[in-house]
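Enquirer: So the protein sequences, as listed, match chains A and B. The first sequence maps to residues 1 to 284 in our numbering. The second sequence maps to residues 1 to 116 in our numbering.
Be a bit skeptical, because a hint or two may be false.
[Unchecked claim] Stretch-level coverage of chain B by chain A, calculated; a stretch enters the list once three of its residues show a Cβ under 8 Å from a Cβ in chain A:
1. 3 to 17
2. 30 to 42
3. 45 to 52
4. 55 to 65
5. 86 to 96
6. 107 to 116
[What the hints assert, rightly or not] Derived list of chain A stretches under chain B, where covered just means 3 residues or more per stretch with a C-beta under 8 Å from a C-beta of chain B:
7. 89 to 103
8. 158 to 170
9. 272 to 278
[To be verified] So these bits of chain A aren't anywhere near chain B, every CB distance computed over 10 Å:
10. 2
11. 6
12. 42
13. 81
14. 141
15. 147
16. 150
17. 196
18. 215
19. 219
20. 220
21. 222
22. 240
23. 243
24. 251
Rather than coming from a laboratory, the hints here were simulated on the basis of the structure. Where a beta carbon is used, it is the ideal one built from N, C-alpha and C, also for glycine.
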Amino acid sequence: MELGLFVLILALVAIAAGFVGSLTGLGGGVVMIPVLLIFFGVPFPIAVGTGSVTILATSATTGAAYVRDRLTDIRIGMFLEIATVPGALVGAGLTVFLTHSNLDQALLIALGLVLLSIVPGAIGRRHEELPAGVEPDRRSLALGFRGEYPDAALGRTVAYQAGDTDSALGVMFGAGIVSGMFGIGAGVFKVLALDRYLHLPMKVSTATSNFMIGVTAAAGAGVLLAAGYINPVIGAPVAVGTVVGAYIGSRILPGLHNRTVRWIFVPVIVALAVETILRGFGLP
Amino acid sequence: MTLVLRIGLLSALAILLSALAAYLVENPSGTSAGTISSNPITSYLTLAGLAHGLATGTPEAYLALGTFVLIATPLLRVATGIYYFGAHHERTLTAVTVTVLILLLLGILVIGPLIH
């Protein structure tokens, strides 16, 4: 394929990736990495490293927009980075080690199964518009992890209080490892921790996840960059396209009902899980 | 913090877009296979290599620079977080943010080069 056409296709796919990534809090890597692997035959570690560029661009674009819309809880997000960043450093180191040990296919299958296990919980709570009856732990109370945001869809200001920080920290460490290893941003696990354990409203969870994804991805991307796993020629059109898609997605989100965001969230997880399992078994 | 994100992102995109255009002009007969099989990043991982590439106007060096700026933007955002939490006398969150920044720098400056 001619280089110009290749760059154009990458940019167009990245627009779609950025759009889905910003709407769901997953980051654009969930779309970009499979496309690089399946349609262009990019080697796995290079796809992961280049895909992390997508995550950085998505988070930077939507992060600014969400903060402006007062959806992101920066205090809670930054606190949880104390768990995700060490996880990402461990994960990035592991992926370099494991790709040299030919164990990446088994890891893909495991990742797909983990993602599928998240789906029942997401579907089970799909009718819950806002969390109720949250019991905060001592740390949540001591650090004042509470806030409010203007909900454009509900037409009122919504107040919230964070719940179980211990469990959230544990899940976030795992999210960091997955982010560093697979370059997918691990927004799936971050939204899980923010939504299920801290009981934040879904829109706050999604926006805060987007903020966190950027910092976590920078930890993993820095390691992978230094190890030579980011190709800037592929990364450039990916970054530009992602920013365009992410900006469109972030403009749409504040007007959506939380249920709508969840319905978009679930099929994306299923598609990602099936894709990773198929690739793990060496199937197209 | 929003300003930091915006400046970092726009700077990275401006560098990447112009470098990509220059790269396409310099490689009119380039192919996707050739681009995928050769990763020029390793030539620009050192300050000397990057400086030489930038000074000689190599498009790949500017593509690498844009990528570095993109990765550095979240780090700058964390750095501004230290100032933000410090100004609001939030000791615990300031300490947490300082630790996060140290870990990020550790990954880029120590762990990455060690693996490479």
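Enquirer: Work down the list of hints and note, for each, if the structure agrees.
Expert: Structure-based check of all given hints:
As drawn, the segment 3 to 17 of chain B meets chain A at 8 residues by the rule of a beta-carbon pair under 8 Å; at three or more, the given contact holds. Beta-carbon proximity to chain A at under 8 Å applies to 11 residues in the segment 30 to 42 of chain B; the threshold of 3 is reached and the given coverage holds. Remark: the segment 45 to 52 of chain B is not confirmed as covered by chain A, as 1 of its residues place a Cβ nearer than 8 Å to a Cβ of that chain, below the required three. For a cut-off of 8 Å, the count of residues in the segment 55 to 65 of chain B with a CB near a CB of chain A stands at 3, and the three-residue condition holds.
Only residues whose beta carbon comes within less than 8 Å of a beta carbon in chain A count, and the segment 86 to 96 of chain B has 4; three or more means the coverage holds. A count of 7 residues in the segment 107 to 116 of chain B with a Cβ less than 8 Å from any Cβ of chain A is obtained; the coverage claim is therefore met, three being the minimum. By the rule of at least three residues with a Cβ nearer than 8 Å to a Cβ of chain B, the coverage given for the segment 89 to 103 of chain A holds, with 4 such residues. Figure legend: the segment 158 to 170 of chain A, annotated as covered by chain B; annotation inconsistent (0 residues with Cβ-Cβ distances under 8 Å, at least 3 required).
With a cut-off of 8 Å between beta carbons, the segment 272 to 278 of chain A has 0 residues touching chain B; three or more are needed, and the interface restraint is violated. Distance to chain B contradicts residue 2/A as a non-interface residue, since its nearest Cβ pair spans about 7 Å, not more than 10 Å. With a cut of 10 Å on Cβ distances, residue 6/A falls inside the contact zone with chain B, its closest approach being about 4 Å. Some Cβ of chain B comes within 10 Å of the Cβ of residue 42/A; the nearest lies about 5 Å off, and the non-interface call is violated.
Some Cβ of chain B comes within 10 Å of the Cβ of residue 81/A; the nearest lies about 5 Å off, and the non-interface call is violated. The Cβ of residue 141/A lies farther than 10 Å from every Cβ of chain B, with a closest approach of about 13 Å, so its non-interface assignment holds. Distance to chain B confirms residue 147/A as a non-interface residue, since its nearest Cβ pair spans about 14 Å, more than 10 Å. Distance to chain B confirms residue 150/A as a non-interface residue, since its nearest Cβ pair spans about 17 Å, more than 10 Å.
Residue placement check: residue 196/A keeps its beta carbon more than 10 Å from all beta carbons of chain B (closest about 22 Å). Not every CB of chain B is more than 10 Å from the CB of residue 215/A (nearest about 5 Å), against its label as outside the interface. Distance check for residue 219/A against chain B: the nearest CB is about 5 Å away, which does not clear 10 Å, and the non-interface claim fails. Separation of residue 220/A from chain B is inadequate, the least Cβ-Cβ distance of about 8 Å not exceeding the 10 Å criterion.
A beta-carbon of chain B is positioned within 10 Å of the beta-carbon of residue 222/A; the least distance is around 4 Å. The claim that residue 240/A lies off the interface is violated: its Cβ sits roughly 6 Å from the closest Cβ of chain B, which falls inside the 10 Å cut-off. For residue 243/A, the condition that its CB be more than 10 Å from all CB atoms of chain B is violated, with the nearest at approximately 6 Å. Against the 10 Å criterion, residue 251/A stays outside the reach of chain B, whose nearest CB is about 15 Å from its own CB.
Violated hints for the displayed structure, listed by number in ascending order: 3, 8, 9, 10, 11, 12, 13, 18, 19, 20, 21, 22 and 23.
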